[in-house]
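*Asks:* Please model the entire structure based on the sequences and the hints provided.
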Amino acid sequence: MLRCQITADYPTNKNTKMKYKITGIVLLVISLLFYSFSERVSNYFELTKNLEIFTTVYKEVNANYITDLDHSSLMKAGIDAMLGTLDPYTVFVSENQVERSRYMAEGRYDGVGMEIKNVNENIVVEFVYSGFGAHEAGIMAGDIIEKMEGRSLKGFDEEDVMIFMRGASGTKLNMDVYRPHDNTSFNVDVERQDVSVPNVPYSGMVADGIAYVALSTFTPMSGRNLAAAMDKLKNEHGDFKGIILDLRNNGGGLLTEAINVSNLFIPQGKLVVSTKGNLEQWNRSFNTNNQPYDLETPLVVLINENSASASEIVSGVMQDYDRGVLIGQRTYGKGLVQNMRPLNYNTQMRITTSEYFIPSGRGIQNVKYEDGQPVAIPDSLRGVFQTQNGRTVLDGGGVAPDLEIPKPELPEVVQALLDQNLIFNYATDFRHRYDSIPEPGEFTFDKFGDFVSYVGKKDFHFTLEGETLLEDFIASAESGLYSNDVQREISKIKDVLNRVKGNALSKHETMIVRLLEDEIVSRYYFQEGKTRQNLLRTDEMQRAIELLNNRSEYDQILSGK
103 MLRCQITADY PTNKNTKMKY KITGIVLLVI SLLFYSFSER VSNYFELTKN
153 LEIFTTVYKE VNANYITDLD HSSLMKAGID AMLGTLDPYT VFVSENQVER
203 SRYMAEGRYD GVGMEIKNVN ENIVVEFVYS GFGAHEAGIM AGDIIEKMEG
253 RSLKGFDEED VMIFMRGASG TKLNMDVYRP HDNTSFNVDV ERQDVSVPNV
303 PYSGMVADGI AYVALSTFTP MSGRNLAAAM DKLKNEHGDF KGIILDLRNN
353 GGGLLTEAIN VSNLFIPQGK LVVSTKGNLE QWNRSFNTNN QPYDLETPLV
403 VLINENSASA SEIVSGVMQD YDRGVLIGQR TYGKGLVQNM RPLNYNTQMR
453 ITTSEYFIPS GRGIQNVKYE DGQPVAIPDS LRGVFQTQNG RTVLDGGGVA
503 PDLEIPKPEL PEVVQALLDQ NLIFNYATDF RHRYDSIPEP GEFTFDKFGD
553 FVSYVGKKDF HFTLEGETLL EDFIASAESG LYSNDVQREI SKIKDVLNRV
603 KGNALSKHET MIVRLLEDEI VSRYYFQEGK TRQNLLRTDE MQRAIELLNN
653 RSEYDQILSG K
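Everything in the sequence shown is counted per the working numbering, starting at 103 for the first residue and increasing by one.
These are calculated hints, taken from the structure and not from any lab test.
Be aware that a few hints might be false.
Said to hold, decoys possible - Calculated lysine-lysine pairs in the DSBU-like style (CA-CA distance at most 35 Å, straight line): (1) Lys178 <-> Lys334; (2) Lys178 <-> Lys249; (3) Lys609 <-> Lys594; (4) Lys343 <-> Lys509; (5) Lys549 <-> Lys560.
*Replies:* Shown next as structure tokens:
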């Protein structure tokens with residue numbers, strides 16, 4: 103009896119076990135809810151407390167500061183400093199910057215159709231877009247814009263001037279222009295238009311059966327325009343035996359267009375990218391929705407350190423599915439997704455909401471951010487993933503090419519010519535002396551002696567690495583401590599360095615001539631001409647053509663064996 107009684111009361115009975123389980127679950131849920139509620143209360147308290155502190159500080163400064171405050175500038179500085187502790191991509195977009203933001207997202211804006219840069223506090227026309235207001239008004243690269251609507255631009259930065267240039271399509275902008283070449287000035291009214299910058303700036307056949315298409319940005323219609331460019335080439339030249347997709351210097355753009363471009367080369371229904379954020383709404387997966395354009399033709403994708411974001415999605419997808427061979431340099435490593443959030447007073451905020459992951463499961467983000475500062479991810483912490491054919495790829499650090507082509511280093515003298523705008527200015531001078539030149543790809547510059555003379559008349563200066571090392575050596579101790587023999591050796595080294603500097607232009611003639619040809623061609627044939635002129639001369643292009651003409655090597659790279 104006792105035993106039975108004990109047995110009956112012992113908590114091994116199924117019903118009693120269930121009661122204990124239910125009680126435990128209820129207690130767990132209650133504790134989790136309480137913890138979550140407590141955490142929310144704590145976060146809300148911290149938020150309201152700090153907002154109150156900020157408001158109080160602002161009121162005190164406004165009430166007691168020695169001079170009147172510029173509230174817009176002060177608040178903008180505060181917002182920028184706050185967001186600066188997060189990552190470089192989470193930014194406040196002021197009312198004045200909204201149009202620029204639209205241009206970056208859509209590749210179009212209402213303006214005069216020219217790009218500018220600040221050189222020694224002068225606003226210089228860097229290039230004009232063919233067929234738009236600035237071009238039709240006779241403005242040329244190298245011109246200096248002195249005034250807009252009667253207001254001097256001396257000392258203005260590019261962002262401020264671009265605000266002046268933007269405006270409703272059909273309106274006119276009055277400009278005072280100075281042309282340094284012939285020391286003349288003129289006044290002109292330039293009509294603003296809806297300027298659409300092409301996302302496929304050039305396409306063409308670069309070898310027998312090999313098509314080339316450049317995609318400069320992922321703005322609306324990128325996928326459709328890319329397909330149209332390939333259709334046009336196919337109709338004119340027949341079927342392809344290889345395609346080169348150039349994503350070099352493509353800084354990215356719309357995620358939807360990265361999916362559309364990927365869809366051209368991989369089957370319908372395939373995963374392109376997934377995103378993971380702090381909120382459930384940002385956790386999404388994106389698949390291809392349409393029939394592909396081409397699944398069979400060998401594909402090469404050109405990338406470099408300036409290929410970022412959407413470019414990395416497309417190149418990474420091609421690599422993960424073993425659809426194409428990547429050639430060039432490791433990409434930038436921007437694996438964060440931003441969304442635009444509208445704010446009041448016609449302002450916006452671009453905020454990082456998630457990180458993206460490509461089909462193999464790897465991320466692209468090169469660095470993590472702690473207090474707004476980049477922290478590099480060591481190779482030892484990078485995850486190992488596999489492509490569809492079993493090739494090993496690493497996450498983080500961008501997308502690594504299958505065939506790496508080292509980036510050519512610019513010698514000090516060449517970098518100085520670029521930094522001091524001597525190649526740019528000489529091309530401007532050349533354009534005013536010669537009315538025409540041969541087509542891009544056929545033009546050759548044969549006036550190097552004239553360029554050397556031109557540079558000799560300017561205040562051109564540059565520093566060799568050896569000079570810097572020598573100066574550091576001399577500065578490491580008082581010169582009086584050196585013996586006369588050492589002083590004589592230092593003088594000899596200086597003489598050698600001076601001779602090297604004197605011969606530097608001639609030594610690097612080939613590289614300088616190529617840069618001159620590119621810049622000069624752009625004066626006559628605009629940006630498309632510059633692309634065509636330089637197209638076949640890069641090591642990446644030569645290797646791409648070579649690979650597409652060698653199907654066995656192409657297949658071996660993608661096989662994973």
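*Asks:* Would you list, in rising numerical order, the hints stated earlier that this structure does not obey?
*Replies:* Of the numbered hints given earlier, the structure breaks just one, which is hint 1.
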